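Trainee: The task is simple: from the sequences and hints, build the whole structure.
2 protein chains.
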Amino acid sequence: MASPTVENYLKAIFHLSNQLERVTLTKVADELSVSAPTANSMIKTLKQDGLVNHKKYGPIDLTPEGRKAAALIVRKHRLTEMFLVERMFFGWEEVHAIAEQIEHIQSPQFFERMDEMLGHPQFDPHGSPIPDKDGAMHHHAFRRLSDCEPGQKLRLSAVMEAGDDFLKHLNAREIKLNTVFELLHIDSFDGSLRVDYEGHNAEVLSKMVGDRLLVVVEET
Amino acid sequence: MASPTVENYLKAIFHLSNQLERVTLTKVADELSVSAPTANSMIKTLKQDGLVNHKKYGPIDLTPEGRKAAALIVRKHRLTEMFLVERMFFGWEEVHAIAEQIEHIQSPQFFERMDEMLGHPQFDPHGSPIPDKDGAMHHHAFRRLSDCEPGQKLRLSAVMEAGDDFLKHLNAREIKLNTVFELLHIDSFDGSLRVDYEGHNAEVLSKMVGDRLLVVVEET
DNA sequence: TTTATAATTTAGATTAATCTAAAAACAAAG
DNA sequence: CTTTGTTTTTAGATTAATCTAAATTATAAA
Numbered sequence: 078m079a080s081p082t083v084e085n086y087l088k089a090i091f092h093l094s095n096q097l098e099r100v101t102l103t104k105v106a107d108e109l110s111v112s113a114p115t116a117n118s119m120i121k122t123l124k125q126d127g128l129v130n131h132k133k134y135g136p137i138d139l140t141p142e143g144r145k146a147a148a149l150i151v152r153k154h155r156l157t158e159m160f161l162v163e164r165m166f167f168g169w170e171e172v173h174a175i176a177e178q179i180e181h182i183q184s185p186q187f188f189e190r191m192d193e194m195l196g197h198p199q200f201d202p203h204g205s206p207i208p209d210k211d212g213a214m215h216h217h218a219f220r221r222l223s224d225c226e227p228g229q230k231l232r233l234s235a236v237m238e239a240g241d242d243f244l245k246h247l248n249a250r251e252i253k254l255n256t257v258f259e260l261l262h263i264d265s266f267d268g269s270l271r272v273d274y275e276g277h278n279a280e281v282l283s284k285m286v287g288d289r290l291l292v293v294v295e296e297t
Numbered sequence: 078m079a080s081p082t083v084e085n086y087l088k089a090i091f092h093l094s095n096q097l098e099r100v101t102l103t104k105v106a107d108e109l110s111v112s113a114p115t116a117n118s119m120i121k122t123l124k125q126d127g128l129v130n131h132k133k134y135g136p137i138d139l140t141p142e143g144r145k146a147a148a149l150i151v152r153k154h155r156l157t158e159m160f161l162v163e164r165m166f167f168g169w170e171e172v173h174a175i176a177e178q179i180e181h182i183q184s185p186q187f188f189e190r191m192d193e194m195l196g197h198p199q200f201d202p203h204g205s206p207i208p209d210k211d212g213a214m215h216h217h218a219f220r221r222l223s224d225c226e227p228g229q230k231l232r233l234s235a236v237m238e239a240g241d242d243f244l245k246h247l248n249a250r251e252i253k254l255n256t257v258f259e260l261l262h263i264d265s266f267d268g269s270l271r272v273d274y275e276g277h278n279a280e281v282l283s284k285m286v287g288d289r290l291l292v293v294v295e296e297t
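Residue numbers (my numbering), protein chains in the order written: chain A, 78 to 297; chain B, 78 to 297.
Keep in mind that the hints were calculated from the coordinates and are not lab data.
Here the structure is a predicted model, which is why all the values come from computation and not from measurement.
Cβ coordinates follow ideal geometry from the N, Cα and C atoms, glycine included.
One or more hints might be untrue.
What the hints assert, rightly or not - Here are some, though not all, of the chain B residues that point toward chain A, as calculated from beta-carbon distances under 10 Å:
#, residue
1, 165
2, 166
3, 174
4, 178
5, 179
6, 184
7, 187
8, 190
9, 194
10, 273
Unchecked claim - Taking CB as the label site, the calculated pair distances span:
#, chain 1, residue 1, chain 2, residue 2, range
11, B, 140, A, 131, 28 to 38 Å
12, A, 267, B, 82, 50 to 60 Å
13, A, 195, B, 174, 20 to 30 Å
14, B, 240, A, 240, 37 to 47 Å
15, A, 248, B, 218, 41 to 51 Å
16, B, 242, A, 277, 36 to 46 Å
To be verified - Not everything, but these chain A residues come out facing chain B in the computed CB check (under 7 Å):
#, residue
17, 165
18, 175
19, 178
20, 182
21, 184
22, 190
Mentor: Here it is in structure tokens:
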């Protein structure tokens, strides 16, 4: 059985490898807020356990076994987030911290029951995909709202880097998953967006926000 | 913040102090399946933190602060058990192991939400009282079914030492909380009980079972 | 190509939680 | 009141996870 610490390292490497081509020691250490030597010695342990490949001074890669283990932890995290929102009435900005702890619970039945009760959800409350029981995860190809063309109708499908502050910012503007935006204009100086959406006209969103809103073109 | 280990020691001492007049080092060590020196050194830590009183070679007593901390962990455990049974459809024999882990989650909101959703329950699925937010717990005065008089009608209110095996034994006989027994006879040789209850006539229960069924006299 | 900077590794120490072996203290029985 | 046996404590070691300081290797810049 992996300790919560080991699980957190696997998760960190998993997330970094979905963002970067090369996962370095420093990135892992930063992600987990530990010193480089600490991360270094843990990487040794993970290597011994067959969960990562690593050569001296080289990049860190999950083995198939390590990747599956990591995906199953992400599965527990995201199922938990969905359960907290759908069955316990938490806001999408409240669930990360709780799920961060519950993901380490060792009880297949517990997560199995969540999955059943939720009807085998494919996405968590922030639109991130939930890996299946084999650890397989299908990435959807979303576009940033800030990369779209004015005139299009775009449905919010996921948010990136969904920290509390960002999510509260969206709450304050009544923006939620499946909100359909009509993109009116993108400012050529600062990249800010002007959009219409349910109940809001010509609302202005900063580029920083538009960059993190992942959308699909709305079929009408 | 107390570590899960510290929380487990507090809980063990709390439970032992509700069963024994004198909580000894050996009992604590046994309860937690650790060696006596291990328990000894942790007791020192708890004393330093003001959670227990302990003099060399003396008994171990929770301070008011320690007792409250312990009761709040028990509260989290029992609320969780209730949530698992009432909202996630687990059997009463399945919930202990899961609650044993979830009780260490640090999130007042999470347990607060459970409490609200359950309507501020007073008892867990095994009939044990749930301490309130101040750590206060009202003990009900139950009698063992095996101590009652033949002829009485008795309502099952709680079970003692509710391990899986015992609870499965009750499941097999369709005995659950609030089952009303009519006590027909107690055997003078082996103490076994003959009882009637919903759908069962002249069922025989061993003394071992009767000792663990806590009942109140049914008002008719 | 040399040198400066950044990343990684090694070395050594710390803390929490555990263990075994052995010593000391207590309790109970003769 | 002494002996015997149990309980508790001390002593010393181990493992996982962390740290800082220093040495080494790699990378990038001049």
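Trainee: Now look at each hint and say whether the structure bears it out.
Mentor: Verification of the hints:
1. 165: Holds, about 5 Å.
2. 166: holds, 7 Å
3. 174: holds, 7 Å
4. 178: holds, 5 Å
5. 179: holds, 6 Å
6. 184: holds, 5 Å
7. 187: It holds, given that the least Cβ distance between residue 187 of chain B and chain A is near 5 Å, below 10 Å.
8. 190: Since the shortest Cβ distance to chain A is 5 Å, the answer is holds.
9. 194: holds, 7 Å
10. 273: violated, 35 Å
11. B:140 <-> A:131: 28 to 38 Å: This hint is violated: roughly 48 Å between Cβ atoms.
12. A:267 <-> B:82: 50 to 60 Å: holds, 52 Å
13. A:195 <-> B:174: 20 to 30 Å: holds, 22 Å
14. B:240 <-> A:240: 37 to 47 Å: holds, 43 Å
15. A:248 <-> B:218: 41 to 51 Å: At 50 Å between Cβs, range holds.
16. B:242 <-> A:277: 36 to 46 Å: violated, 60 Å
17. 165: holds, 5 Å
18. 175: At about 5 Å, which falls below the 7 Å cut-off, the nearest Cβ of chain B leaves the hint on residue 175 of chain A intact, so it holds.
19. 178: holds, 5 Å
20. 182: Holds: closest Cβ of chain B sits about 5 Å from residue 182 of chain A, inside 7 Å.
21. 184: Holds, because the Cβ-Cβ distance from residue 184 of chain A to chain B comes to roughly 5 Å (cut-off 7 Å).
22. 190: Because about 5 Å separates residue 190 of chain A from the closest Cβ in chain B, which is inside the 7 Å limit, the hint holds.
Consistency note: the structure conflicts with the earlier hints numbered 10, 11, 16.
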